[in-house]
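Here numbering that gives the first Met the number 0 is used: the first residue of the sequence shown is 0, the next is one more, and so on.
Hints are computed from structural coordinates only; laboratory data are not their basis. A few of these clues could be false.
To be verified - Listed next, with one range per pair, are the computed distances between beta-carbon atoms:
| hint | residue 1 | residue 2 | range |
| --- | --- | --- | --- |
| 1 | Pro925 | Pro747 | 26 to 36 Å |
| 2 | Arg126 | Glu281 | 34 to 44 Å |
| 3 | Pro925 | Thr985 | 54 to 64 Å |
| 4 | His1039 | Pro925 | 48 to 58 Å |
| 5 | Glu146 | Glu281 | 28 to 38 Å |
| 6 | Gly276 | Leu605 | 52 to 62 Å |
| 7 | Arg123 | Leu424 | 56 to 66 Å |
| 8 | Gly100 | Glu146 | 11 to 21 Å |
| 9 | Leu461 | Asp582 | 19 to 29 Å |
| 10 | Asn29 | Met189 | 17 to 27 Å |
| 11 | Arg137 | Gly108 | 53 to 63 Å |
| 12 | Ser575 | Leu424 | 46 to 56 Å |
Built from N, CA and C at the ideal position, the CB exists for glycine as well.
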Amino acid sequence: MNYLSSLYKDSMYGDLLDHNPFLSIAIVGNRASVIYESIVQHEDRSVHFNAMCVPDVRSLLSTKATREDTSADDGILKSNWCSKHLHSRFSCIVYEFDWDGIITSGMSGAQLCSICNELTEYVRSYRSKVVFILVTERARAAVDNPEDAMEKLRQEIKSHFDGAFEGVLPLYALGREQESAAHLAQTLEMLAMGYHTEELIRISGKNPPSDVKTVRCMFKKGWHCLVLKDAKAAVKSFRAGYDTLRETTSLFPAMEARVCATLFLRHLLHAAKEMTGILYDESYYRLCEEHIIWLGRASHPCAGENNSAAFFLRSLLIAECAEWLAHNTTDIPSSALAALLTTCLLAYKDALGIKGSVSRSEQNITPPSFLGVECRLKPHGDLFSSRAASEFVMKRVRELVASLSALTALSGEALHICARMSLLLNDPEGALSALQRLWELNAGSYRVAEACHDVLCRASVLASAGTQSKWDEEMVCSYLSLVFGPAPREKQGFYANCFRDMLKQVELHDIRLVYPRRGHFAPFTVLCRFSSDQSDSSTQPQLYLTFFSAAVELFTVDSISVTISHSQGDAEPILSSRAPAPDTVELSSQSPCVTTMPLELNGHGLYRCVSVRGRVTYAGVSLVVEWQFEGSGAQISETPLQDAFSQCPLFSAHKPYIHIVKPLCHVEITVPNCPTGIEGEIVSAEIVVRTDVELTGRGSIALTHISNVCEVVGDAFRESSVSHRNAAKVGTRSFLVDAPSTLSPALPFRVPVKFKLVRAGKYTLPVSLSYESANFSNVEVVQRMEVHVLYPFSPTFTVMKSLPLELKGEEDKPQLEANKVVGPFSALSVPEASCAFVHGEHHKLVHPREYLNDDMTALQGKKNILFYNTYTETKSCADLNISNGENIVLIATMKCQALFGVELLSLNAAVSNGATLLSLTAGSLPCHVGYLESLTVVARFRVSKTGKFPLGFLRLLISPGGGTQRVVSDMSLPEVVVDDNPLALTLTCPSTAVVGMPLLISCKVVNKTETAQHCVLEIENKEESVVCAATHWSFSMEPHSVYNTQLTLQPLVAGVLHLPSIHLRHASGIIFGTVASCQSDSQRICVLPF
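Just need the whole structure built from these sequences, with the hints factored in.
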């Protein structure tokens, strides 16, 4: 369709393809062009006018006569129907009156009658809208009574004009006045839209007598919907016409029906795109795909159609539909886009391949009366083989090749099409670029190799002389790919003869080809494998080379050599070329060959076979072929030959690398068995290194140093910043001692070590040996040494509860003697029993945890330290019922664990929050405590907090073994559980009182203990305006009993007064203090006047 539109000089086909037709109007008058410019300046951006400017109505009628179509009704769609509605059938006619001339000279009735009669003749034929305008050069303000003038003219026109007109409008200042010009543009838009709406209704009311008429009506309705910007109605009309045309295809010539159906489809798809968009693999996308397939089935034109022209036009229609779908589909995958563009190129290729009677005439031929009948008309059919047709197709091919080549993921077929079409464009470099991309896909079939060879031969002929050497190399590789590829003997022989002929014409010296080369078959394929994946330097490995080929004829490979790379660590690999014995290998598709190559690999490291080179002699032609292997474990590119020979017994795995290592040796490290000591001691140990062979090199022994826990001391060790693999990494440091340069089996290496034991516990310390040997493999050995650090003393705690002393009066008791402690009328009552709380310190070896106890506070947060923690186990014979405010006595019996005893210099206690140290007794200090001797410490505490909490710890300053060293050892005191107050006091009082009237406060006392309690209530009154009857009294309570009493108060003044404070105490308050109290003075009561 685009080709037909560009082929003819007339705009008929272009008007048919226009998806956004404009509104056609006619402007009659001497200043029509000025009026049109003002309309265009004020038109809506979405609406476009096309106006024909004529001086009088007679010119408009003559245009109508020349545009009238008188052709026979023998086609589907008239080619000039859209052009008539755009250029001769105007939706609205604007007639200009010179307002200034009418005012000056007036206008006769005969003149107005003639104008109206001419307009009536036109309107009756085409049902156009008519509007009259009064044009003046004056501005609106300079015109007197414009409404009267327009009304007068309206009445005169109405008396002479036999038809409807839309009124009379003013146009001031020749259209420069914005308001009148904009009003005129809006009125014309409304009238034109109304005209097309009426035409649409008129066409919809028709009942076409035939299928041809139905198709025409559907096209007309769809076109009017396009003018009205109604995409939904346009889709509906064009789809109905398309379906009707497809159902009745047999009634029309093949190509005419397909051209008309393509026009319907293009308008349908464009309207659908404006409405919802064309989505990939949706209904409209599939409709266009099915239409392309339907176009391709038109292989046999109908009688009377030019065969070449029909095939040419069919190819162009397929290309245009596929290209439109490729560029207008939303979210189309790259593969689908490439397939559509490939379809376009194939269609254009078919069009260029059609041979017809070439006409070089450039005469201006008008379009036929009906769309798509060009194939049946001789003058039109010849246009398809003209120079213009060829230039049109070549231009589209050039654009499509550029678009397709810009895509990244293309199939082999698409790349091959790009290469062949580049040849048509005389672009050999583009053809070679497409072939190289095709070879990168590793398309390994022989048929593809032949197709690429054909393109390459054609491109080399078009190549310039300056790039001939590059093309010669590509041609050699292509010929060898066909000579040695998997093909019958005759085909291989044919290409071998062609290759020899090429070598006679082109002088090539020292032909050297490197493989693998994607998309090409090599003269031979080689796989290499070492005798083992790993070996030590004392053995000599073998390299196995397996050769195989697809050539039918037997050929030889000689002068075989390999290149070996040697690398150690991160160093650059060193290349060395090695050649085996001068054996000649004979190869064919039926006889693969394996050759063995002994290698002397001196030095350890990674050895890799980088390449294999050999000279091939075939049919009198000699060339050097080199196979290169990328990476130490690289596999060669997959080819059909591997599949063919994968079942061959001689086929082996391709592993072109081997690791040469040093011989192994046995080295062991012996550490002392569980060194033990107390805090502050320095213990000695010995580390022994033994080997079974003579080692030469350098190395070191690393010891773990844990600060403030277990520290390495001595001048022989140095601190290292190197992190060892098996050493602790957080909270520790490594200390090294150098190993000797020679380790002998007869002379073990001994290292004396001293550890300072700082913190009690059981720890596992890594001891590692790292040795880099020059004659054997490197050694790294790790042993773990367990160290026991004991407390200087092993304590046993006894906690006793100090019960109150109760004094009772005895009236009938005689006077006591003077040496008695108590008074004459008192007796001392002593508690019957005292409960004991025994706390034993036990150390146990446990796994490292995510937390550390209070004894390891220096290592908090360091969770990956490789040592074993200690914990304290508690045993008790009975639980004490300790109440808040009571006193307890702690007796610590500490047994010395130092073999040589310790000197205790000082003793202090750190008490936790909630306890108060009343006294601490340990005898006379300093003192010496021998091994297994016991030291008794007595401490007296008062607890003032409820719950479970530790009492604190004892800090001992000791000197182990009686030396001068001073060590601080902290010993944790046990935890205690303190209950709440044994007594509870509750007060109840009213919220208001009256002056002078007694006020009663209820007191409720609860005994929560298992023993009887003797209590005292005390009243502390700070308010003089409140009088209390009693201020002190005592009472006794049985276990778990309740005591109720009342207090009588009498307020003396009115107002807000403070209540007195009430305190509940034990009868032995001197010892225990306040047990319960109610600070009621903070409470207020409102006293009302009497």
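Here is what the structure says about each hint:
1. In this structure, Pro925 and Pro747 break the distance hint of 26 to 36 Å, their C-beta atoms being roughly 46 Å apart.
2. Take Arg126 and Glu281: their Cβ atoms lie about 40 Å apart, and the range 34 to 44 Å holds.
3. For the pair Pro925 and Thr985, the supplied restraint of 54 to 64 Å holds, since their beta-carbon distance comes to about 55 Å.
4. For the pair His1039 and Pro925, the supplied restraint of 48 to 58 Å holds, since their beta-carbon distance comes to about 52 Å.
5. At about 57 Å, the beta-carbon gap between Glu146 and Glu281 misses the expected band of 28 to 38 Å.
6. Gly276 and Leu605 have their C-beta atoms about 58 Å apart, which keeps the hinted 52 to 62 Å range intact.
7. For Arg123 and Leu424, the hinted distance range of 56 to 66 Å is satisfied, since their beta carbons lie about 57 Å from each other.
8. For the pair Gly100 and Glu146, the beta carbons lie near 20 Å from each other, so the given range of 11 to 21 Å is met.
9. The supplied range of 19 to 29 Å is broken by Leu461 and Asp582, whose beta-carbon atoms lie about 45 Å from each other.
10. Taking 17 to 27 Å as the suggested C-beta distance range, the pair Asn29 and Met189 conforms, at roughly 26 Å.
11. For Arg137 paired with Gly108, a C-beta distance near 25 Å fails the hint of 53 to 63 Å.
12. The hinted range of 46 to 56 Å is satisfied by Ser575 and Leu424, whose Cβ atoms lie roughly 50 Å apart.
In this structure, the hints that do not hold are numbers 1, 5, 9 and 11, in rising order.
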